[in-house]
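Chemist: Since chain A is already given, all that's left is putting chain B on it; use the hints.
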Amino acid sequence: MTIRTRLSLWYAGVLTASLLVIGVGTYRELDEQLRHNHRREPEEHAILETGELILQVGLPAVLLGLAGGWWLTRRALAPMAELTEAINKIHERNLREPLSRTGNGDELDRLTEVFNGMLARLNDSFNRTREFTLHASHELKTPLTVLCGETETALRDESLSAAERERAASRLDELRRLARIVDGLTLLAKADAGQVALKLEPVRLDELVRDNFADAQILAEPHGIQVELAACEEITVCGDRHRLRQLLLNLADNAVKYNQPHGQVTMSLRRAKDAAEFNIANSGPGISPEVLPRVFDRFFRGDPAHSPTVDGCGLGLSIVQWIVSAHNGTIKIESVPSKLTTVIVRLPLAHENKPPL
Amino acid sequence: MRILVVEDEKKTASFVRKALQAEGFAVDVCHNGDDALAATRATPFDVIVLDIMLPGRDGLSVLRQLRERKNTTPVLLLSARGEVNERVEGLNAGADDYLPKPFELAELVARVRALTRRSGENKSTVLRVADLTLDTVTHRAQRGGVDIELTAREYRLLEFLIRSPGRLCGRMMILEKVWDYDFDPGTNLVDVYVRRLREKIDANFEPKLLHTVRGAGYVLKEQP
Numbered sequence: 000m001t002i003r004t005r006l007s008l009w010y011a012g013v014l015t016a017s018l019l020v021i022g023v024g025t026y027r028e029l030d031e032q033l034r035h036n037h038r039r040e041p042e043e044h045a046i047l048e049t050g051e052l053i054l055q056v057g058l059p060a061v062l063l064g065l066a067g068g069w070w071l072t073r074r075a076l077a078p079m080a081e082l083t084e085a086i087n088k089i090h091e092r093n094l095r096e097p098l099s100r101t102g103n104g105d106e107l108d109r110l111t112e113v114f115n116g117m118l119a120r121l122n123d124s125f126n127r128t129r130e131f132t133l134h135a136s137h138e139l140k141t142p143l144t145v146l147c148g149e150t151e152t153a154l155r156d157e158s159l160s161a162a163e164r165e166r167a168a169s170r171l172d173e174l175r176r177l178a179r180i181v182d183g184l185t186l187l188a189k190a191d192a193g194q195v196a197l198k199l200e201p202v203r204l205d206e207l208v209r210d211n212f213a214d215a216q217i218l219a220e221p222h223g224i225q226v227e228l229a230a231c232e233e234i235t236v237c238g239d240r241h242r243l244r245q246l247l248l249n250l251a252d253n254a255v256k257y258n259q260p261h262g263q264v265t266m267s268l269r270r271a272k273d274a275a276e277f278n279i280a281n282s283g284p285g286i287s288p289e290v291l292p293r294v295f296d297r298f299f300r301g302d303p304a305h306s307p308t309v310d311g312c313g314l315g316l317s318i319v320q321w322i323v324s325a326h327n328g329t330i331k332i333e334s335v336p337s338k339l340t341t342v343i344v345r346l347p348l349a350h351e352n353k354p355p356l
Numbered sequence: 000m001r002i003l004v005v006e007d008e009k010k011t012a013s014f015v016r017k018a019l020q021a022e023g024f025a026v027d028v029c030h031n032g033d034d035a036l037a038a039t040r041a042t043p044f045d046v047i048v049l050d051i052m053l054p055g056r057d058g059l060s061v062l063r064q065l066r067e068r069k070n071t072t073p074v075l076l077l078s079a080r081g082e083v084n085e086r087v088e089g090l091n092a093g094a095d096d097y098l099p100k101p102f103e104l105a106e107l108v109a110r111v112r113a114l115t116r117r118s119g120e121n122k123s124t125v126l127r128v129a130d131l132t133l134d135t136v137t138h139r140a141q142r143g144g145v146d147i148e149l150t151a152r153e154y155r156l157l158e159f160l161i162r163s164p165g166r167l168c169g170r171m172m173i174l175e176k177v178w179d180y181d182f183d184p185g186t187n188l189v190d191v192y193v194r195r196l197r198e199k200i201d202a203n204f205e206p207k208l209l210h211t212v213r214g215a216g217y218v219l220k221e222q223p
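Residue numbers (numbering that gives the first Met the number 0), protein chains in the order written: chain A, 0 to 356; chain B, 0 to 223.
The shape of chain A in the complex, shown without the other chains (with noise of 0.2 Å):
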């Protein structure tokens, strides 16, 4: 049944009704009336009456038109409401799964159904692109390769003279920069095709993270930063260890390359409820507001003002991000520019985990 058939005999039912209030109103007035008949009254006062006729009449038979609109608007619209919700779910991982339909061939359905090919359009435009990345990466490798060999191969060559062994290592470096670039965009064009498969098992997350405070504070040292550990609560979480690792160690990495020399980074593990709550908060010139949505864009570098040296494959906090959702958590960063900013990530408890899809 269309929108409009339904529409239309729903209007028909509350109009009916509203006609019978009136009907039995005016009838029961009407009556009254008749029976004191035999009193003439002045024309004035009948004027009068007709007014409270209408009044007594009228009023509910408006109320009650005015409820029955309301009803049914929001009986004919509530479909659209679901739909509403159902399509602000949508982003670029789910597209895969289509909007479910009434199946009862109205309008919405229609446009439900309608909707479902865009999203599979879409869909489709999205694996292409995901599936040249992947393509991109592998093609980009085998000549990396053999660059990477050669120039090491060259820089055996003890005939080389000082200049040319330092251009010759220099050149080498930034090769290996752009593998490394190569590797995490293969990561995350595999991780958005949904073919990374995670190794889950318990992991004592405190281990780990006392493993990456040991790391964090070598690598803070030559810049005399201070690392501290806060808390560190014996906490079980299901998860994919290296990866954890991983996650653990971009952000120190990121907390120490980001922060300003003599600074403080800090870190903490403890139980927040149902999570595990990972922090780390760094000293350094932190992330302006309109900045800070932007900073999990793959190749997404801030201010160049405010990190002219930093080095790096521009793809580390994409990568934990990834890192973070593959477990079913969540992170968040807060920024309070030239004070203080903290990543927060929450991961599930050991047995609260599902194995991600």
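Quick caveat, the hints were computed from the structure, so don't treat them as lab data. Treat the hints with care, since some could be wrong.
[To be verified] Residues on chain B that point at chain A, a partial pick, calculated with CB under 8 Å:
(1) Ala12
(2) Val15
(3) Glu103
(4) Gly185
(5) Arg195
(6) Lys199
(7) Ala202
[As the list claims (entries may be wrong)] Below, in silico cross-link-like pairs of lysine to aspartate or glutamate (DMTMM-like), each with a Cα-Cα straight-line distance of 20 Å or less:
(8) A/Lys256 x B/Asp134
(9) B/Lys176 x A/Glu220
(10) B/Lys176 x B/Asp134
(11) A/Lys198 x B/Asp134
(12) B/Lys199 x A/Glu220
[Said to hold, decoys possible] Pairwise CB distance ranges, derived in the manner of DEER restraints:
(13) A/Val290 x B/His30: 49 to 57 Å
(14) B/His30 x A/Pro336: 52 to 60 Å
(15) A/Asp172 x B/Met0: 39 to 47 Å
(16) B/Gln64 x A/Gly223: 33 to 41 Å
(17) A/Pro336 x B/Met0: 56 to 64 Å
(18) A/Phe125 x B/Arg213: 42 to 50 Å
(19) B/Arg139 x A/Pro201: 30 to 38 Å
In this text, a Cβ means the ideal position worked out from N, Cα and C, and glycines have one as well.
Modeler: Chain B in isolation, oriented as in the chain A frame:
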């Protein structure tokens, strides 16, 4: 020592061969899986360097075939696929080590070297390079009879280096063996640790033992 390199990409095969020959290995090269299986039937090799992506029969299939034939030659897998769990898949298929492309040549040589040594590893509990000693039972390090305090991680780093004296150790290999990282974190963690270790074992002593090979890795040896 005879190494078989199975790699279809000619340039890669060529520099791998050169690097291994420079280390004193005899090197044979095959460009596809079937040739590799034929070669292993004819010649006993000490190590096989096997690329996974080969035309026709792929590397994993060659590896399974080898192991079915009870051929226990150590195999180092190379791969450009970069699958996170490919390492596990390869090791399950019977590989002894795995190196993702693009790899560092020094890394490859060091790993091949490690595989050739696998059987005859130093069984002694006190390891020694010049006057530097490391007791693997008591975890005690000494240089010239003076005790050196090491953190757990520094100990593992030193143990790893001292077990391959005079041999180049690549950064990835160190990350894998000392930190158990199967990814390149893109940090200078190894360099910073090596610097600290150097301060402890070399700063107050002569000759210097821990050397950096620019663009390649580190080596613990007596001669500069």
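Chemist: Check the structure against each numbered hint from earlier and tell me which ones fail, lowest number first.
Modeler: Numbers 1, 6, 7, 8, 9, 11, 15, 16 - these are the hints that the structure violates, sorted from lowest upward.
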